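Residues 1 to 197 (the UniProt record's numbering) are what the sequence shown spells out, left to right.
What the hints contain is simulated information worked out from the structure, not anything from laboratory work. Everything numeric in this text was worked out from a predicted model, so none of it was measured. Be a bit skeptical, because a hint or two may be false.
Here are the simulated lysine to any residue pairs, SDA-like style, with alpha carbons at most 25 Å apart [stated by the list, open to error]:
#  : residue 1 : residue 2
1  : K90       : A46
2  : K90       : R163
3  : K90       : Q55
4  : K90       : A39
5  : K90       : P168
6  : K90       : V44
7  : K90       : P141
8  : K90       : V52
9  : K90       : P145
10 : K90       : R144
11 : K90       : S120
12 : K90       : V126
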Amino acid sequence: MTAAPLLPGPPGAFPPGGPGFRDPLTRMLLVNDGYTTPALEAIVDADLSVRVGYQHAMNATELPSTVVDALSVSAHDRVLVRRSRLVHGKLTVSINYVVAASGRAEVYGVDDSSTPIGRSLMSRGVAQRRRILRVGLARWPDGRPCAARAYVLHLDQPLCYIRETFNPSIVSPEHGSHLAEDLDWNDEPDSVHPGAQ
Numbered sequence: 001m002t003a004a005p006l007l008p009g010p011p012g013a014f015p016p017g018g019p020g021f022r023d024p025l026t027r028m029l030l031v032n033d034g035y036t037t038p039a040l041e042a043i044v045d046a047d048l049s050v051r052v053g054y055q056h057a058m059n060a061t062e063l064p065s066t067v068v069d070a071l072s073v074s075a076h077d078r079v080l081v082r083r084s085r086l087v088h089g090k091l092t093v094s095i096n097y098v099v100a101a102s103g104r105a106e107v108y109g110v111d112d113s114s115t116p117i118g119r120s121l122m123s124r125g126v127a128q129r130r131r132i133l134r135v136g137l138a139r140w141p142d143g144r145p146c147a148a149r150a151y152v153l154h155l156d157q158p159l160c161y162i163r164e165t166f167n168p169s170i171v172s173p174e175h176g177s178h179l180a181e182d183l184d185w186n187d188e189p190d191s192v193h194p195g196a197q
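Whole structure, please, built from the sequences with the hints as guidance.
Have a look at this one:
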């Protein structure tokens with residue numbers, strides 16, 4: 001496997017929310033501008049695989065403007081929406097929500113449901129950088145707060161918007177009281193059309 005070089009992000013790319021978490025490992029993971037899969041594999045000391053639960057194309061108009069603007073797509077463009085989990089056996093380590101411009105997704109293998117996105121890019125030797133948009137808390141499926149981050153993965157242009165939520169039994173969500181518990185990220189289609197699925 002060829003390691004792809006990381007391009008530097010723009011100055012001030014890291015939001016201040018990362019330091020609000022008490023655990024240094026959580027802070028490191030949330031502001032990491034490298035590939036997430038190898039970092040999580042190091043934390044759990046095991047190889048991870050991807051399980052894609054949902055992947056389909058839709059019009060960009062169905063998404064909130066924050067995601068459309070971050071991807072530099074127009075309202076007339078098609079996007080690929082993917083929901084996946086990084087797992088080791090039955091253990092879910094992270095849950096990921098991904099939106100990518102359809103054409104770019106196909107060129108760079110983001111649409112490959114058998115491989116984590118980072119691993120697909122590394123195998124192609126693609127240089128990438130991440131612009132972190134938000135670091136904070138989200139809700140794990142069982143209702144517990146969990147650490148999360150959202151970023152745009154850039155190549156020569158934005159490739160995809162990714163929100164990662166981390167299993168709170170693995171990545172501690174413990175935080176200082178100054179970290180707001182706004183658990184709604186407003187980045188999904190139902191943020192535009194409440195109740196739509």
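Holds or violated: K90 to A46, with C-alpha atoms at most 25 Å apart: holds, 13 Å
Pairwise hint evaluation, P168 against K90, where the allowed Cα distance is 25 Å at most: holds, 15 Å
Given pair status - R144, K90, alpha carbons within 25 Å: Holds, at roughly 19 Å.
K90 paired with P141 [C-alpha distance capped at 25 Å]: With a Cα-Cα distance of about 15 Å, the restraint between K90 and P141 holds, given a limit of 25 Å.
Satisfaction of hint between Q55 and K90, Cα-Cα up to 25 Å: Holds, at roughly 21 Å.
Restraint status (C-alpha distance of K90 to V126 at most 25 Å): violated, 31 Å
K90 paired with R163 [C-alpha distance capped at 25 Å]: holds, 21 Å
Straight-line alpha-carbon gap K90 to V44, limit 25 Å: Holds. K90 to V44 sits at ~13 Å (cutoff 25 Å).
Satisfaction of hint between P145 and K90, Cα-Cα up to 25 Å: holds, 20 Å
Hint consistency between K90 and S120 [alpha-carbon to alpha-carbon, up to 25 Å]: holds, 23 Å
Proposed proximity, V52 with K90 (alpha carbon, max 25 Å): Measuring from Cα to Cα gives roughly 14 Å; hence the hint holds.
Hint consistency between K90 and A39 [alpha-carbon to alpha-carbon, up to 25 Å]: This hinted pair holds, its Cα atoms lying about 19 Å apart.
Hint check: a violation occurs at hint 12 only; the rest are consistent with the structure.
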